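Two chains, two frames, some hints: make the complex.
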Amino acid sequence: MIDTIIALATPAGESALAVIRVSGQLSNIIAKKACNCTKPKPRNAYLVNYRSADGETLDQVVITFFNKGNSYTGEVSLEISCHGNPLITEMICKDLINRGCRIAHPGEFTRQAFLNGKIDLPQAESVAQIIAAKNEQALTLAQRNLKGKLSDKLLSIQQDILNLQASIEAHIDFPEDDLHENDQERVHQKVRKIVQELEALLLQSTRTKLLTRNIRVVLTGLPNVGKSSLFNALAGKNRALIHSESGTTRDYLEFDIKIGKFWITLVDTAGVHNASEEIELAGIEMSLEQANEADLFLWVIDNSVPHPTELPEKFTKLLQSKPTLLIRNKSDLGKNNWAPNYNPSPKAINISSTGKYGLRELETLLLEIIQKLTGEGSENEYLVGVRHEVLIKNCLDKLNRFLTESNNEVGDEIISMHLTEARKELDIMIGRKTNEDMLDILFGEFCIGK
Amino acid sequence: MTLRVNTPKKPYDVIVCGAGHAGCEAAIAASKQGADVLLLTGNLDTIAQMSCNPAIGGQGKGQIVREIDALGGEMALNADFTAIQFKLLNTSKGKAVQAPRAQCDKKAYQLRMKHVLEQQPNLTLFQAMVDGLIVQNSCCNGVTTSMGLHFYGKTVVVTTGTFLQASTHIGQSKSEGGRLGDHSAKGLSSHFIKHGIELKRFKTGTPPRLLGNSINFNGLAEQSGDQDPTKFAFYDSRTDTEMFHVEQNRRWPTKGSHELGSNLVKCFLTSTTETTHQLINENLHLSPLYKGDIVGAGPRYCPSIEDKVVRFSNKDSHRIHLEPEGVNTDEWYINGLSTCLPFDVQQKVIKSIPGLENAMIIRPAYAVEYDYAPPTQLKKSLESLLVKSLFFAGQINGTSGYEEAAAQGLMAGINASRTALCLNSFSIYRDEGYIGVLIDDLTAKGVTEPYRMFTSRAEHRLLFNHGSAEHRFLKKADIYNLHSSLRRENIKNQLQTTETWIKIFETNKSDSGITYAHQIKSVPEVEINFPESFYQLPQSVQNEVIYRITYDGYLKREIAAAKRIKNAENLEIPSSFSYDSLPGLRTECTEKLNQVRPSTLGQASRISGVNPADISIVHIYLERFTKLQKNKGD
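Heads up: the sequence lines are chains A and B, in that order. Going by our numbering, the letters in the first sequence line up with residues 1 to 450, in that order. Going by our numbering, the letters in the second sequence line up with residues 1 to 634, in that order.
Just chain B, same shape as in the assembly (with noise of 0.2 Å):
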């Protein structure tokens, strides 16, 4: 294997330009499909860095790492191999909406996927910073380096994060990087913007990290994880190697030795104090928030403190969680406190929390700016509509989140090394999992501010269980090889054995004389005595039957109302269709449509500023056009 340089004649398939988490899974990903790919980044030691939280899930988050998993993408298992704390959140709140979340050794996540990456066949790593884009009759080609080597590709995904034309900004100190101490990716905008690709500024914000022998525990309330932790990646399809695949390999730590993938560690919680509310809105114009210095829309789910104490000043206290980054460092990070105060009120601030009174910042909090492309600007497989062969994943796209990131990654690079073979793309829909909503919303309605999953974005959440994403994706894994054809039969007999079981319990009565689905139905599942050999079953079937006969009416009519929204949603917009002479339709609306165009009338509905009455307008108009289209053919 040899590095190609220079060698026009001799293209890549893919060229993957960053190795954040978008990155990692865009290369993972193509390579897996049987492509010959290049992964560039800036820095070989901060692949997969986690900036900003050591964790990994969450709400929304959590199932689309299990998405991930079951389309063949690295993430679960990383996060499962590297965690040092595991939760199933919403527990009490329903099944549907459960999501597993992990708090994450910082480094090991790193070195790990970095690891995975270099035994990747079919994979070249390569530490290059990506200045240029070839393109030739708006088709991109490859790649320029700022040491001036040239890369050729058939396609290229670009994953820049939050490092294009990216400042920090901390009070009034403001520097060039994507992330503290870290570069900045300079030249590409330029080159973006050269052929027609529109820029606008996002704007997120990470918290101090203290040193943990300097913060006193005493007395603040623990968080530990679950005795039982649920995991990220599915195994009971797996065979050994695919589940430790770097594992089996000498330099890393081997099967069953480490001792990462446990609860380890315990977070800690605190909270602010009126001194700190007071601390904060003393020194709100020293904030380049307030100042107007940062221009960039922020996450309204992840706000600044000083966003908090402004926005809602009755609350006289807000939540602080303690995290550590890993079980090698003392490195902790204070969840809840992001903020680009200047750094000697950040100092005063950390000091008027409880157990942080003594506390010593060893990394500053700051908030960055960064260049995103709206992702309106995309097809449905994420390549550019204006530069062909060009294409997009993760913050660039003006998501937020590591989770998004990797979705869009392992998307993208599906879709880039099906494109360099010249196979048709890959597309998951809104009523398959969350990794199709999101798609959906980015492409067709755009963003306003970094775009996170929450599970209500999802019309069909509950048919989106955490634990059935492996047999959702089951055909799809089938169609498009992404899976070892023995985890392929292993999900097929699983789902076999979950549909042979929920017909027993339909079936079959229990002790009390009532069917055991009856039963599920109307008492906790513990007090069941379920027949011997249910218990025998992985516990992920048992989950999923449990799971698919609670909610038995729910799904069939979600599945229902799903296949009656698709009948008019899968209505193909042809590209020829104007919305410009349609009688009755808001000037508003036609310029909303003329600038997405969407491909489908399900995707116009979901147009902000585009309401009901404007598509039956469009369908109207849409039916008469294929009418006509249809007798000008006879």
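So here's chain A without its partners, still in its complex pose (with noise of 0.2 Å):
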């Protein structure tokens, strides 16, 4: 017999209520003895006392029951909701496991679901992603893939590569069939076209990242140009210490703010400059780490004064190389509006940060670089997860192989094999198409039979 499993389903920690989730056998006879409800009807709701085995009563509870096959899971369920007191939840989950259930390990539903055939693989990872998603977006793609919208797009993939494929084969296999000999030219437009379909999702892939963790937002700037009291103004609260002897931010300091839809992590860091403390020194390579990893910058400068030197050179690469928003500080101080002279110059904002000024138009502007970055609105969105994109990648690299080898005179049989082991990749996403299917395109299109 298959255990059964128990999991929290709400997040810990205090709340209205919350629901607890068993999947296996057990769940019909904690619902009799626990709920003292026997034979309830699935998917309708039992307000009920939940007793635990030492005849206790925990809680008053809503109880509702699944049939096998027609839970998440597939298996025999029962969801139980309560008040969401972290020692309620404790307690119940306690006498579970003393009536025989046991903890699920980390996605362990999604599995049972999986092997129930409830769900396909690209589906299970959807749930995963849903559950990390950090922002509605994410959550419409991962609930759009749930419904098979990736698995539409790489069967659709996968059928192209099926055709091509059996368009070689045919010649191979019928040698002296009167067939139309294959334009490579063609052949090659084909491949090139699959190729691209492939790189748009992988460009996703970029993009799911950041719709599945928080977007690392990285202030930076000379020294004293006002980071931290922008850093502040936008976290709102006085978290970094601001001074105004320059180099204060020796550390980097972070915190999550919601702009918009999006969940943003902004991280305030040292000011760059010919430092000479070593801590300092500490400090802007610390900068430079953070630089790297960042999404996107906020570039604080100080518009009160003429612009006094440039940044190092390794950062004005870097900041040229993500998109930039060039925030001219204190600008009710004066309003020297110095720009960069590379093209395209950043956008750029006059704000003031301890006047409370430009403060909103800043929010705007982000939130606008934000969705473009991550793509919001466009059509052909999917939720591209890390197991596809390495499978795509893969898939891509045969595919390119494919390219130049048949541009190399290689035989038939060994570009035909590189389709094959491209469409084994897919294979592993979205389910096999075989030999047979091949052939049935096969005979479908071409005349054989000498």
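I should point out that these hints are in silico values taken from the structure, not numbers from a laboratory. None of these values were measured; they are calculated from a predicted model. No residue lacks a Cβ here, since even glycine has one placed at the ideal position from N, Cα and C. Please note that a few of the clues may not be correct.
Stated by the list, open to error - Some chain A residues flagged as far from chain B (calculated, every beta-carbon gap over 12 Å):
id, residue
1, D173
2, Y342
3, L365
Unchecked claim - Computed spacing ranges between beta-carbons, pair by pair:
id, chain 1, residue 1, chain 2, residue 2, range
4, B, S190, A, K190, 46 to 56 Å
5, A, R102, B, K388, 23 to 33 Å
6, A, K190, B, L180, 45 to 55 Å
7, A, N407, B, I559, 20 to 30 Å
8, A, K258, B, Q595, 48 to 58 Å
Said to hold, decoys possible - No more than 35 Å apart at the CA atoms, straight line, and that leaves these computed lysine-lysine pairs for DSBU-like:
id, chain 1, residue 1, chain 2, residue 2
9, B, K566, A, K398
10, A, K153, B, K475
11, B, K521, A, K398
12, B, K174, B, K186
13, B, K476, B, K492
14, B, K475, A, K424
15, B, K509, B, K379
16, A, K153, A, K190
17, B, K107, B, K509
18, B, K194, B, K231
19, A, K424, B, K563
20, B, K231, B, K566
21, A, K393, B, K186
22, A, K68, A, K424
23, A, K398, B, K174
24, A, K190, B, K556
Put into structure tokens, the structure is as follows:
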């Protein structure tokens, strides 16, 4: 018999309600013995008292029972909604363990669902991503995957490869038939098109990462330009130590804020200049590390004075390689309106973090950049997870080998092998296409039969 | 040697029913294993008959014939010695998929094979129609014939070809028979069904034959054979006696004097016209294929001309090859014109084709419908899962093609004799050769149309180049005694020479300053000056050395891939393992697995309709099952 597993389905901590999920054979017995509810109607809610095995009433709960095959996991299941007090949930969980259940391993509910054929592999992965999704957009994408949109896209690519292969195999296996020679240029065009589609998916995977984790916004600039006061203004709390002596922020500071529907980690770093003190040097090194991890930069300058000096070259390069917003701070004290002389020049905004002006405009601008960065709103959005990313890269690798080698006069059987291998990577994600499928296309498309 | 009739106490080791391409190989292989063999055929004059195309080999098939030779079979020699035109296919597509093909003299092919059987020690040949099986306790121990004779055998190999409950169709006219003018095997079908063996129907067809002197060859494109023929059999490892075992006999042309086995004839090419297609479309309603008189599925790779015209209506012409049936006859095979339209339509169709305006049909085209037993009812040894000691080979297993039949015959023959002699069974795996792919496809996947080998069916076809067959099966030949010790010794030496030369070429530099291996991979081999001693090697060794070096990287990858697959592949599924209680397995998939009962996870993964997700479920539970079983044992 498969173990009955339990887990808290809602976040730990205090809340109005908490849900404990039970999946497995014991669900029936628990409904009957702990909740005094014999033969509950599936998918009906019952308000009952939860009694421990010792006979003590632990809480008033609402239970919902699910039949085998009709639950999330596909197993007999029970959902217990209790009051969201960690003490109560802990007592109920302990009692469930007493009654023979065990705590589920991470992802085990989804694994059961997969094993029971309730969801396919891409769907299982979407579930993990729904849970990990940091914002609504990621949620929409994950839900779209759950409905098989990514599978559909991959299926169509798989079909394209299969079609190509059928035309190559037809010539290999039926050399005496009167078939049109394959036009290599056309074959290449088709492969290149597939490569482009896969590359587009890969691009999505970069976005996926942004959607499933916080976006790192790094404040950088010369010392004493007001990075920390801007950080505080955005964070809304006096978190970073503000001091007019330059070089105060020697370590870096992080704070999570939400702008629009995006979760952002603000990172305040030490100002960069040609430091002399050892501790500052270390801080600058740290700033560079942080800058490398950034998704976008807030480049803060002091607008009240003429631009004093350029940043070290390493930083200037980084600023040009990632989305950057130039923030002319202290604009209430002067407007020199400096801009860097490279193209395209970053978007600039005049603010005063202490005078609290321009902050709202800054947030709007930031949101715009993030939306662009995450590709929100474009039609072909798919949530591409890490596993998909690896498989798609492998697949691309095989297709690129196909392209180089078919130019090098190697045999058709070799270049066809690269297609088979490319297909195999897709098979892992969405299920296998067999040789029979290829033959179906072959016989459908080519008049075979010497 | 006496014919042992009605001697239940003294059974033959193996009784083979049918002497087509499967039956002949089965009988020869079994007797070579040391078994006492009886071969029964309905007609001694049609032994090893090429009922359709008078040719052996072709893509996928040519490689099989070479493998048959490497396993001690007869087909390769028989084709070589009776061939009248040789051609190596795919010379421009890559060496891994090159395949030998030969037009053969139809009658010479039959006569030579008959003579091989007549001379084979431990083999008794007898003309009799088998009409029933003798089965006791689900074990087959003999057959009955239409004359009322009983023959007893420890094992029985059934190779009924297209003859089981067969009917031929020409337009409306329908008659019994597995070939035009021949009988049909009756009685056997009901015996199979009685013992729980399921039967289904397949259909195949053959084109009309024309009289050569009524064909106007002027203006038709000629197709000649290769100057330097690629033969099917391996000769460098054979002794003269092994090579000319029939030819040594006085009643057969002696060695050297025989004119067959060389390029004697030309084939010709013509094509259908608009008129042809119009005629076919107008008369489609008269074809039993379109009227629904034929229910069995036919092969998609060998469609009738009416199928081609209907399914590919955008093509205004289809190729027709004219191939001679032999050197002592003027009968011509019209390749590409298989049909079952009424005879008068056939005549009109022929006349619409350039060169055939005045041609005379001397044998009409027809379709044949026959029973086959879905091969998922067989073990990998080709023994029935339902009736012990009963083996099936050839078209009865739903295949098509002389080569596919012969390969199965060889496998069934070896296994039937080993069963009779109480020895372990013989098998070939998917990563060893096309025959392994064939047997695994049949027994694990089953068939939906007459099964033909395609190179694309083999995952590791790069390892299966036709020239390496003898090397590939050397170990098997050793373990199962498939060749004389002298031939095995020679193959061993050859393999060693090959390896040595590969090393030499990988290390030694040519005059161009780079290693020979490097050169082989970058320029055509004719441009390379190899060391003089290399040219003294047998051609087959030279070819193999160059092949192995050219494909070096790919071959290593394939071998590694095959090994990886084999690990999961070989995970055995115990017969006590039940699919019924596996959560998550789709019902459709459970049914398939229960029906096929694969013996390994690898086999399970190749069953159509079973996808990787299903396999991972089976895999998880299989491991769990094995764990539990082990715990029980502890």
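*Of all the hints given earlier, name the ones this structure violates by number, lowest first.*
Going through the list in order, the structure violates hints 1, 5, 10, 15, 17, 18, 21, 23 and respects the others.
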